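> Each chain, written out:
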Amino acid sequence: AQKITQTQPGMFVQEKEAVTLDCTYDTSDPSYGLFWYKQPSSGEMIFLIYQGSYDQQNATESRYSLNFQKARKSANLVISASQLGDSAMYFCAMREGVRNSGYALNFGKGTSLLVTP
Amino acid sequence: GAGVSQSPSNKVTEKGKDVELRCDPISGHTALYWYRQSLGQGLEFLIYFQGNSAPDKSGLPSDRFSAERTGGSVSTLTIQRTQQEDSAVYLCASRAGGGRYEQYFGPGTRLTVT
Numbered sequence: 191a192q193k194i195t196q197t198q199p200g201m202f203v204q205e206k207e208a209v210t211l212d213c214t215y216d217t218s219d220p221s222y223g224l225f226w227y228k229q230p231s232s233g234e235m236i237f238l239i240y241q242g243s244y245d246q247q248n249a250t251e252s253r254y255s256l257n258f259q260k261a262r263k264s265a266n267l268v269i270s271a272s273q274l275g276d277s278a279m280y281f282c283a284m285r286e287g288v289r290n291s292g293y294a295l296n297f298g299k300g301t302s303l304l305v306t307p
Numbered sequence: 029g030a031g032v033s034q035s036p037s038n039k040v041t042e043k044g045k046d047v048e049l050r051c052d053p054i055s056g057h058t059a060l061y062w063y064r065q066s067l068g069q070g071l072e073f074l075i076y077f078q079g080n081s082a083p084d085k086s087g088l089p090s091d092r093f094s095a096e097r098t099g100g101s102v103s104t105l106t107i108q109r110t111q112q113e114d115s116a117v118y119l120c121a122s123r124a125g126g127g128r129y130e131q132y133f134g135p136g137t138r139l140t141v142t
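Chains as they are written, first to last, in the numbering used here: chain A, 191 to 307; chain B, 29 to 142.
Chain B on its own, in the form it takes in the complex (with noise of 0.2 Å):
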């Protein structure tokens, strides 16, 4: 079956715009993770979904971050007022619950603020 989807694949913007992460999980998969990979950084948990809900924001750096699911399915990662600090790849992954772990990573979108 299709594997995660994440749009757009590579982003540039200017310093100060906002910017939309889209991701669009395995069918049936109730858990969406949203992770940052910097160089400086690793790779970093920012913020994760059970069906809608969004029960932990704490990974999220700064109060620019926000993120939303709809329908139990896409989620859209915003970032506002972009800093070049926010540059990396930002990769999404689901999970599908029912004593299942491994989550499932899509191709990331690469954001570059200049």
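This is chain A alone, in the form it adopts within the complex (with noise of 0.2 Å):
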């Protein structure tokens, strides 16, 4: 079963604007922690930020934030004031306890963003 499902594969903004890449997760550990990774066209994998399962507030950083909805088993990041830059794809990524493959990534299909001037 997927684990990590990213439903947009492609997403448009509109430079300065503010953007938000789904992302739901399926786990029955109670310990987990969801990733956003970004992957320009250079093919390098950027950390972007990271929500554990019992932080109590959504993670922040920079332009990144991460809407945390447990009930709804949703991690979507949201970016705001896009810039060109950002065009890239985005991957979702979930660890789960240390039993499953010492806190490997297991990553969905990713969003291709492409923001426009």
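These are calculated hints, taken from the structure and not from any lab test.
Certain hints may be false.
[Claimed, not checked] Once the Cα atoms are required to be at most 27 Å apart in a straight line, the calculated DSS-like pairs of lysine-lysine come out as:
| id | chain 1 | residue 1 | chain 2 | residue 2 |
| --- | --- | --- | --- | --- |
| 1 | A | Lys193 | A | Lys260 |
| 2 | A | Lys263 | A | Lys193 |
| 3 | B | Lys85 | A | Lys193 |
| 4 | A | Lys299 | B | Lys39 |
| 5 | B | Lys85 | A | Lys299 |
| 6 | A | Lys263 | A | Lys299 |
[Claimed, not checked] Here are a few chain B residues that sit away from chain A, every Cβ distance over 12 Å (derived from the structure):
| id | residue |
| --- | --- |
| 7 | Ser35 |
| 8 | Val47 |
| 9 | Gln108 |
| 10 | Val141 |
Computed from a predicted model, the values in this text were never measured in an experiment.
We put the CB at the ideal spot given by N, CA and C, even for glycine.
The two chains are supplied separately, each in an independent frame; assemble them into the complex guided by the hints.
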């Protein structure tokens, strides 16, 4: 069964606007964490933000925030004030407990974001 | 400080040959992971190391794949008798441990099997 679902294969947003990338997950492990990574066309995977299942507040890092809704099992990424350099592939990922391959990541299929001038 | 490095960046090999891919993690990071990224399969976990031991090899796609880590640092992923379906980008990541969960990725090795 797919553990991470990203339903938006591609998204467009205008520069300076905010955009939300969707991610839903499936796990029975009470201890887990959600990540977002950015992969520009150059190929490197860049860590953006992390939210633990026990964290009380939604994570924020600079222009990135994670809208974590535990009951709905969703962990959407919000990018505020989009910039042209935000154009990239974005992956949602989940780690489960240490017994699950030492916190190895399960990735979604990704969302391609294009920021237009 | 220096990030995760991988070599070679590109490797073209003939079907049936063996290849070795190298990963140098961030200094002090105790956990190391190998993933594979391909168009058809997306990002797949292959193997992880905690220190020098690899408790979980279940993600390795076949017995042609093996990996080792020496000195708690550099890791080598070896693919024997390469097949065309092994063509992919192989990504290495490291994690600090000690309650930190984020993984930092290297630039990857693009493997093409002809």
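> Hint by hint, note whether the structure agrees.
Hint-by-hint comparison with the structure:
| no. | hint | in the structure |
| --- | --- | --- |
| 1 | A:Lys193 / A:Lys260 | 15 Å, holds |
| 2 | A:Lys263 / A:Lys193 | 11 Å, holds |
| 3 | B:Lys85 / A:Lys193 | 20 Å, holds |
| 4 | A:Lys299 / B:Lys39 | 25 Å, holds |
| 5 | B:Lys85 / A:Lys299 | 23 Å, holds |
| 6 | A:Lys263 / A:Lys299 | 17 Å, holds |
| 7 | Ser35 | 15 Å, holds |
| 8 | Val47 | 19 Å, holds |
| 9 | Gln108 | 23 Å, holds |
| 10 | Val141 | 19 Å, holds |
Of the numbered hints stated above, none is contradicted by the structure.
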